[in-house]
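Since the structure of chain A is provided, determine the placement of chain B on it from the hints.
In the order they appear, the protein sequences are chains A and B.
In terms of our numbering, the first sequence opens at residue 10 and continues consecutively.
In terms of our numbering, the second sequence opens at residue 39 and continues consecutively.
Hints are computed from structural coordinates only; laboratory data are not their basis.
Wrong hints could be hidden among the right ones.
Label-pair distances were calculated between CB atoms; the ranges are [stated by the list, open to error]:
(1) A:A114 to B:Q88: 52 to 62 angstroms
(2) B:D49 to A:P76: 26 to 36 angstroms
(3) B:A119 to A:R84: 27 to 37 angstroms
(4) A:L83 to B:R99: 22 to 32 angstroms
(5) B:F83 to A:T110: 37 to 47 angstroms
(6) B:F83 to A:P76: 45 to 55 angstroms
(7) A:L83 to B:D129: 13 to 23 angstroms
(8) A:E57 to B:D140: 17 to 27 angstroms
(9) B:R99 to A:E29: 48 to 58 angstroms
(10) B:R99 to A:A41: 39 to 49 angstroms
(11) B:F83 to A:E116: 48 to 58 angstroms
(12) B:D140 to A:E29: 15 to 25 angstroms
(13) B:H136 to A:T77: 49 to 59 angstroms
(14) A:A114 to B:D49: 49 to 59 angstroms
Ideal Cβ placement from N, Cα and C applies to all residues, glycine included.
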Amino acid sequence: MMRAQLTGDELIARRRLATEPERIWTAFTTPASIAAFWGGSHARVPPESVTVDLRPGGEFALDTCAPTGATRRLRFVYVSITAPRELVFDEPVTGLRTTVTITRAAEGTDLTIHQRRLPPELRTAQAADGLTSILDALAAYLRH
Amino acid sequence: MPAATTTPVVDLDAAFAALGDPVRRALVSRLAHGDATVGELAEPFDLTQQAISHHIGVLRRCGLVEQRREGTRRPCRLRTAQLAQLSTWIDEQRRAWHDRLDALEQHLSDEAAR
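Just chain A, with the same shape it has in the complex:
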């Protein structure tokens, strides 16, 4: 059912990994590693398709090949780069901003993925609160 969760900054995933922050950072910023995991279990990413220009404003792009043979070029632009702790990139086509946070834990490393997808008009706390209250009202309405 409806959940009021469009606060403008969503926790998408959290994972504890049995490795060092530096290795995760390398996995997210080197073409061969990106090719190895970005497509998950559903798509293949040809290593030669991955380009990484690791600087704010630099582009990061790759092809995803679905089992059907359909290939899609994905392009991202780095917003900020804080090795080995935080990586922020936008996908201009969707307006989606992704923040990857890497934090050393007592055993292993915590990885979190946050995303926001809001038009510029809603990129203020006040506007995001307004949207949340709409969705709260909707959730209340649907419970009637």
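For chain B alone, coordinates are given in the frame of chain A:
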């Protein structure tokens, strides 16, 4: 699910853009409490019915509101299924990232085994 055939996919970008306006957000909040005509919607706002009609037109075109005829009244109704779609993109992103992080975990463990 029969609802799927009568519920076209909302234009997410247009819907988010429409909700960028504070008056339209207030109208959507008001309609979440029940249907209302443009005249009824105009009351709590310091705006003309023409201005409210314009905002309702924007919300109608992006699929968030529908207007029906009841005699001389034309009440507006919130299309709740369309509004709910605004939050489903998050669930889609969650599924994609969980799958991707499974692959990352496998990649890191393959690397460590080498």
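Quick rundown of the hints versus the structure:
no. : hint                                : verdict
1   : A:A114 to B:Q88: 52 to 62 angstroms : holds (59 angstroms)
2   : B:D49 to A:P76: 26 to 36 angstroms  : holds (29 angstroms)
3   : B:A119 to A:R84: 27 to 37 angstroms : holds (32 angstroms)
4   : A:L83 to B:R99: 22 to 32 angstroms  : holds (30 angstroms)
5   : B:F83 to A:T110: 37 to 47 angstroms : holds (42 angstroms)
6   : B:F83 to A:P76: 45 to 55 angstroms  : holds (52 angstroms)
7   : A:L83 to B:D129: 13 to 23 angstroms : holds (20 angstroms)
8   : A:E57 to B:D140: 17 to 27 angstroms : holds (24 angstroms)
9   : B:R99 to A:E29: 48 to 58 angstroms  : holds (52 angstroms)
10  : B:R99 to A:A41: 39 to 49 angstroms  : holds (46 angstroms)
11  : B:F83 to A:E116: 48 to 58 angstroms : holds (56 angstroms)
12  : B:D140 to A:E29: 15 to 25 angstroms : holds (20 angstroms)
13  : B:H136 to A:T77: 49 to 59 angstroms : violated (22 angstroms)
14  : A:A114 to B:D49: 49 to 59 angstroms : violated (42 angstroms)
In summary, the numbered hints that this structure violates are 13 and 14.
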